[in-house]
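Listed in order, the protein sequences are those of chains B, X, Z, D and P.
In this text, residue positions in the first sequence follow the working numbering: the first is 1, and each later residue adds one.
In this text, residue positions in the second sequence follow the working numbering: the first is 1, and each later residue adds one.
In this text, residue positions in the third sequence follow the working numbering: the first is 1, and each later residue adds one.
In this text, residue positions in the fourth sequence follow the working numbering: the first is 1, and each later residue adds one.
In this text, residue positions in the fifth sequence follow the working numbering: the first is 1, and each later residue adds one.
Be a bit skeptical, because a hint or two may be false.
[What the hints assert, rightly or not] Cross-link-like lysine-lysine pairs, in silico, DSS-like; alpha carbons within 30 Å at most:
1. B:K226 / X:K44
2. Z:K433 / P:K150
3. B:K143 / Z:K270
[To be verified] Chain X regions said to be covered by chain Z (calculated; three or more residues, Cβ under 8 Å):
4. 131 to 137
5. 185 to 197
6. 214 to 226
Think of the hints as simulated: they come from the structure by calculation, not from any bench.
The beta carbon of each residue, even a glycine, is placed where N, CA and C say it ideally should be.
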Amino acid sequence: MKSRIVLSILVLLTVVLASCTPAAPAQKEIKVAILAPLSGPVPTFGVMTRDGALAAIDEWNAKGGVLGMKIVPIVEDSQCTPDPAVNAANKVIDQDKVHYIVGEVCSKASIPVSEIANAKGVVQISPTSTNPDVTVGSDGKVKPYIFRACFIDPFQGQVGAKFAMENLGAKTAFIMLDQANDYVKGLAEFFEKSFTEMGGTIVGKESYTATDTDFSAILAKIAEAKPDVVYLPDYYNIVNLVTKQAKEKGITSPFIGGDGWDSSDLDTAAADGGYFTNHYSPEDPRPEVQNFVKAFGEKYKDEQGNPKVPDALATLAYDATNLLLTAIQQAGADDPAKVKDAMAGITYNGVSGKITFDPNHNPVKSATILKVTEGKVKFEAVVNP
Amino acid sequence: MQKVSSQPSPVIHEPKASLAWIGQLFLVAVALLALYLVVSNLIKNPILFTQFVVSGLQLGFVYAMIALGYTMVYGIVKLINFAHGDVFMVGAFVSFYAVSRFNLHKWPETAFPGISEGLAVVIGSITVMLLSMIVCVMMAVTIERVAYKPLRDAPRIAALITAIGVSFFLEFFGALNFVFSPRFIPYDRPFEVVAWYIKDGIHRITEGQAPPDNSVTFSNIFIIIVLASILVQFFLQFLVRSTKIGIAMRATSFDKPAARLMGIEVDRVISFTFAVGAAFAGLGGVLYAIAYSSIYTQLGILPGLKAFVAAVLGGIGSIPGAFVGALIMGQAEALTMGYISTPMRDAVAFTILIIVLLVRPTGIFGEPEKEKA
Amino acid sequence: MEIGFLLISIIKIVAIIAYLYGLFWAMGHSSKWVKIGGVVLGFAIIQAALSVPIGGSTILNNFDSGLLFQACTMAMVALGLNLIYGFNGQFSLGQWGFYGIGAYTAADITFRWVNGDASGLFVVGIGVILGGIVIWLVGGFLRKYRRVPVLSSFTLYLVGSIIAGAVALFIGKSIAQGLVGMLGTAASPGPLNSPIAMQIVFFLAIVFAGIFAAEISFLFGLPVLSLGSDYFGIATLGFTIVVNVLMVNSDTILPFPEMKGGRGMIGIPKLTTWFWAFLFLLAVIVIMRNIIRSSHGRAILSVREDETAARAMGIDIASTKLFAFVLGSLFAGLGGAVYAHYIGFLSPGTFTFLVGFNPMIIVVFGGLGSMTGTVAASFGWIFFLEGLLRVLLSQMGTEAPTWRFVLYPIALLLLMLLRPQGLLGNIEWGFLKVALVKRTELAQEASETAASG
Amino acid sequence: MLLEVNNLDVFYGAIHALQGISFNIQKGEIVTLIGANGAGKSTTLRTISGLIRPRNGSIIYKGQDITTVAAEQIVRMGISHVPEGRKIFAPLTVKENLRMGAYTRNDPEEIKASMERVYTSFPRLRERENQLGGTLSGGEQQMLATGRGLMSRPELLLLDEPSMGLSPILVQEIFNIIKEINSQGTSILLVEQNAQMALSIAHRAYVLETGRIALEGDAREVSNNPQVKAVYLGI
Amino acid sequence: MSTSEVKKNSSPVLRIEGLNKYFGGLRAVNDFSLEIPEGRIYGLIGPNGAGKTTVFNMVTGLYHPSSGEIDFMGENIVGLEPHEITRMGIGRTFQNIRIFPNLSVLDNVCIAYHPHAGYGVFDAVFRNPKFGEKEKELTERALDFLSIFKLDSICNETAKNLPYGEQRRLEIARALATNPKLLLLDEPAAGMNPGEIVRLMEYIHFIRERFDLTILLIEHQMRVVMGICEWITVMDFGEVIARGTPKDIQTNPRVIEAYLGKEASHVA
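The whole structure should be built from the sequences, with the hints applied where relevant.
Written out as structure tokens, the structure reads:
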């Protein structure tokens with residue numbers, strides 16, 4: 001008897017469920033999903049990415065939106081981990097019916113999301129996922145709906161090697177890398193490749209893990225090896241730790257890194273004398289750069305009320321969102337199929353430079369080399385691809 | 001630990017287990033391999049080896065401070081307090097706010113303008129440490145009251161799950177913008193780092209100048225950590241051996257009902273144990289932040305886990321055990337990082353743990369299990 | 001914003017729990033036809049909801065199906081853990097490591113297959129069979145001796161397994177060499193790469209991956225299970241961490257360039273359908289229930305209840321613990337294999353030890369020693385954390401999603417404080433209940449005969 | 001009246017361990033509870049000292065209802081319980097064990113004096129002052145447990161099986177000390193399996209049988225009761 | 001089966017010789033010897049802490065003796081695992097009842113049948129006819145067993161909810177279900193009232209006859225010991241201080257001194 005009641009409830013619920021299927025969302029607005037790791041191992045990356053993207057959306061909305069439609073951001077926590085990222089992507093695509101996704105930050109989350117987005121015909125632009133597999137499938141074909149706003153690994157690694165060899169005259173280099181972080185690993189791999197191809201020697205290659213805080217074992221080896229440069233293409237948190245400990249151990253070899261160094265939280269005293277490849281220089285007088293830094297600082301304050309300084313993540317998220325919205329504007333319709341074509345042929349002047357996309361949907365832009373000196377990050381050189 | 005044995009142990013003729021030699025052979029092979037790795041590298045480059053040992057010591061002494069809290073809490077309530085590592089994190093953050101936001105370490109100079117610089121730094125730093133310890137203590141006691149005490153009679157696993165919950169909460173609540181923010185924050189030290197190298201005597205390293213080849217370097221932070229950790233160890237030994245509350249802690253951890261019959265307020269003693277552990281974690285957090293000078297809300301997870309493993313290795317519940325276990329862990333990690341490869345560090349650490357437990361099921365200093373019924 | 005979504009999320013949780021109740025009720029029915037009908041209907045309802053469009057969209061969209069697949073794999077892993085911890089009393093945090101092993105093994109088999117390399121299937125397949133034979137032989141050899149120290153038996157098993165692995169590698173590679181032509185490449189698939197062949201390979205891959213995880217767990221569990229409960233817990237946590245380290249270095253320390261280490265393995269065919277997920281979940285549930293409700297299950301329970309008394313009943317507790325541990329790991333391996341082919345991308349980030357607490361949380365949520373609780377909690381947990389909470393918070397502005405992992409531990413704490421024994425305690429539903437009726441009948445019969453005789 | 005127990009009902013899960021027990025202790029008396037294993041003797045003591053909550057009934061100590069007072073408070077009120085199996089703190093030294101006995105007291109001088117008194121009563125403990133409790137022999141452990149119980153200067157001492165596992169000479173010694181403690185003014189509630197021994201020093205006795213009081217009266221009367229003889233000696 | 005079938009076998013069921021056990025430096029059992037002929041109800045008595053339970057634990061394999069020999073049915077069992085010893089035919093109960101608290105009464109007994117369940121894991125998983133048959137047989141046997149102990153009416157009750165006396169009975173029933181030749185009872189009468197004790201004694205006699213058992217018994221209750229034991233060994237401080245019939249023991253001055261106390265010896 002009891003079970004029959006339960007069964008009928010089951011049937012009833014199914015019916016209710018069926019009837020509750022949401023109606024198509026109201027028009028007159030464009031939904032843009034932002035997938036960012038707001039929890040998980042690196043919440044700070046998520047927060048900065050979200051803030052950068054929201055800054056762009058706010059600017060557009062202030063100007064009257066895109067195609068006369070208001071832009072509605074939908075923020076989802078994707079944890080920099082495949083499962084939650086996939087759930088977030090499925091949710092925004094199927095539940096919220098979005099056609100455009102900005103995100104994810106980490107490649108390991110962006111790759112599974114890109115497969116879903118591409119299959120569903122949703123335009124995805126990842127601000128910071130550097131793994132080539134994000135835009136190119138395992139079959140070697142480019143995914144038509146997937147783009148990115150950042151350099152891919154080979155580019156920065158190559159630029160770093162070129163700079164070390166030509167500008168710093170380095171003959172020997174030591175590489176430090178985190179095997180678990182594909183960004184770091186990719187840069188390190190291509191640095192090694194280019195550097196040896198150009199005739200340099202890698203005198204040591206040591207890996208650490210993201211949760212390490214004590215690098216003395218590796219630093220002791222660096223002290224032993226006395227390389228001309230140390231390539232450390234990780235994020236600023238690791239850079240802060242390593243360079244500080246290196247200073248304390250009296251290591252004088254300069255450190256070279258990638259755009260992960262770009263942050264207001266970079267410990268400029270410790271990293272003093274280091275170089276890194278980046279998309280732009282904050283000293284750059286271009287209005288795009290100056291306006292963005294100002295607008296971002298006005299919109300976001302840190303816990304003390306001081307204006308926040310955008311880092312590479314915020315900048316790239318800002319650019320990625322702008323690229324997307326410009327592409328929609330150019331396509332002239334809220335239609336992902338048209339937007340993706342517009343995007344592929346876009347030329348856009350962003351904070352991180354003048355951007356066009358190559359056939360693999362990677363941005364073509366020049367890299368800037370910055371030097372950390374006297375507590376500031378100074379422009380050093382421009383290297384073109 | 002005092003060892004008192006009234007009568008000499010008699011000769012025991014345990015019947016020999018069959019095929020035991022296979023396992024012993026295996027152990028000997030593993031030990032020989034490890035020994036070969038260590039000794040060959042020691043001979044190859046004794047200076048580099050010493051350098052690794054020094055960094056292993058620094059790591060080990062930090063672990064020791066956290067491990068004490070784990071071991072005491074486990075000893076008294078048999079709870080793996082996963083939130084302990086996060087208390088450690090809060091300690092680091094409190095000191096960060098005290099130093100970079102409120103300049104607390106500068107108060108002696110403001111209050112007594114004529115004070116000598118060295119003394120001011122010492123007093124200021126100690127104030128910061130005390131503040132962190134106090135905040136950690138208050139937090140740990142609150143956690144204990146809210147999350148653990150109501151579950152004292154529930155299955156042990158329930159308390160463990162709430163411990164994991166508290167740990168998540170502290171990490172992600174701390175990561176909210178208006179709390180600690182999710183950023184990786186560079187930490188301003190309350191005092192300057194001074195490093196030395198040893199080669200024909202001890203010399204100071206000046207900035208931008210590499211120490212000569214074949215020298216061992218160390219810094220004042222290393223010395224402070226070692227001293228603080230040893231001091232904490234002695235303090236705890238004193239507390240547990242010679243004070244009323246310390247003896248009560250041991251009595252409570254041994255037998256709660258009997259302790260209650262003595263009039264010992266068991267709940268208060270448990271809270272006190274949490275408080276002491278948290279105070280050391282807070283101190284450890286400050287020293288850790290000073291040493292590595294970068295903080296974020298998840299920094300406690302891994303040191304916490306390592307410290308717990310160290311406590312288990314040394315024999316959980318035993319204070320000297322936690323200390324020795326932590327030092328072993330530190331050395332194992334540093335030498336693995338130096339000679340095998342960094343990622344294999346955890347594998348080596350856990351292999352050592354498992355082998356030690358197989359040979360001594362309750363850890364190095366653990367008391368043997370009680371007689372079965 | 002749209003309260004409808006929120007309402008639907010809640011309805012979905014209720015509906016899925018009701019669905020499970022109905023399914024177990026039907027499976028527990030005495031009539032064979034109701035049983036079969038219930039299972040078929042249980043499969044069909046969801047299959048229909050997933051694929052038949054009503055008014056332009058299906059009842060369950062991709063988001064729901066994703067959650068459903070994750071819940072299924074999580075239920076398999078959690079059931080395995082419940083067997084180890086809830087029923088056998090061994091506090092294990094290693095489940096996540098076996099889950100990872102299962103995922104990577106199965107993924108490697110199918111990945112190689114679609115890329116024209118049969119060695120994955122053959123090496124693993126022959127390896128698990130040889131491994132099983134070796135374990136059986138060594139076990140037989142060891143039974144001849146009294147009190148063999150655990151370290152000695154471990155060494156023998158280890159040496160045997162390594163030899164078996166080497167032999168399997170050799171044979172498997174040679175067989176695979178001969179099949180290259182039949183397989184073709186990803187671009188031009190050969191006859192053995194047809195969709196139907198793929199399904200068979202997929203099935204074999206899942207089974208082999210599960211057995212592989214089980215055999216690893218045998219080797220690892222043998223020495224480690226002799227440690228005390230909490231020590232066992234910390235050692236298994238170490239196992240999860242070490243497995244994760246190996247995943248990160250799968251292309252440097254281990255010789256698997258296709259797994260790409262920390263960059264993540266791409267190109268795994270997405271073969272998991274509702275049919276497979278349902279089939280394997282059901283298989284795990286049925287196997288586990290049948291074992292729990294048998295003499296072997298009683299032996300497992302007795303070890304949890306009182307080890308000393310169990311020994312005095314003639315129960316070999318060492319092998320009983322090992323049996324439960326291996327079986328639990330088998331389930332985790334199966335779950336991992338199903339998961340890998342659902343998501344199509346594996347990254348070591350999925351298998352870190354912090355995430356590894358999830359199965360433990362689910363098992364405690366559902367109630368230790370309650371299969372129903374574990375299954376219901378797996379579904380409820382995913383649909384709450386990834387479903388409801390996500391939907392709720394994303395509608396509350398751009399700042400709210402950062403609160404997801406603040407609200408989750410609070411919910412965790414409250415639940416533990418209010419119901420420390422878990423949501424369902426030790427209640428079981430339908431099929432999973434003991435057949436009390438039959439026993440009472442037997443008892444009556446017995447007493448009647450006693451009275452008359 | 002020092003202690004009055006009325007209609008005590010105690011359950012362990014479904015087991016009805018004490019079924020309406022009533023008895024009393026006058027000031028200066030030695031009262032003994034005797035009975036078989038599992039009759040509820042220890043349960044009675046544990047209920048009085050607050051380790052177990054009774055379901056029904058009341059415990060009145062010096063006119064005050066202490067039925068629901070916590071164990072650690074009851075010690076402060078002057079009831080000291082020396083538990084069955086001694087329950088000394090094995091990892092603590094003899095001295096520390098005694099120190100814990102005086103946990104409720106704060107004056108170091110007085111504590112020292114009490115410790116001196118215990119050492120005088122049990123000279124063996126003084127010899128083993130710095131030895132770990134767990135390494136003592138059974139008799140020494142019993143002395144320690146009793147001494148520890150006295151450290152809180154109780155008015156009522158609850159002794160649970162002080163003769164358990166001791167050789168006859170030691171049992172004699174322990175009982176002499178119990179007598180002596182009593183003569184100094186401490187009332188004693190003694191639970192014993194060694195009934196004859198207990199009856200020989202007690203003033204009054206209660207015989208417990210499966211949670212009920214089967215017999216009560218003057219110690220001499222009880223010891224001459226043929227039923228008691230049968231139970232304990234199998235004669 | 002009946003007593004007439006008891007084989008007049010000259011070799012004892014259990015023979016212990018020179019048994020020693022040390023815990024750390026503490027000597028728990030010292031040069032202990034014992035021989036139990038088939039079919040006997042044998043008492044092992046002594047004050048608490050005399051080492052009786054330690055002897056039990058060594059016989060059942062929970063402890064490994066420091067030295068000495070234990071032969072069961074002429075076979076050396078030192079070094080065997082407890083479950084192997086149980087399967088050879090030594091059953092036991094525990095001083096403080098050790099039933100499986102959260103399992104039903106029936107399951108408690110069924111566990112004892114596990115070594116002879118007669119079906120493998122695969123039979124259980126696939127629920128083949130063999131499983132059904134064996135499981136039914138096993139359940140019936142268990143119920144028969146329970147009916148002997150008058151526990152069949154509560155066979156679905158969770159064991160921890162039983163009253164004390166029934167838990168004791170269950171424990172004995174469970175030990176008997178392992179089909180032992182030698183049954184070790186550790187203080188079976190503890191916590192029983194006189195009525196229950198009388199019934200227990202009847203049970204012990206009854207099960208000896210019914211299951212063709214040899215019984216070794218630790219007991220404090222003199223009434224039980226004197227009432228049913230045919231031969232008694234008295235232990236004190238790990239050593240044997242007396243052996244003999246109940247009559248001898250009752251009058252042995254060393255026993256009276258050790259066990260009943262000096263004072264008591266006058267009374268007795």
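Open item on the list: I'd like to know which numbered hints this structure contradicts. Please list them from smallest to largest.
Closed with: 4, 5 and 6
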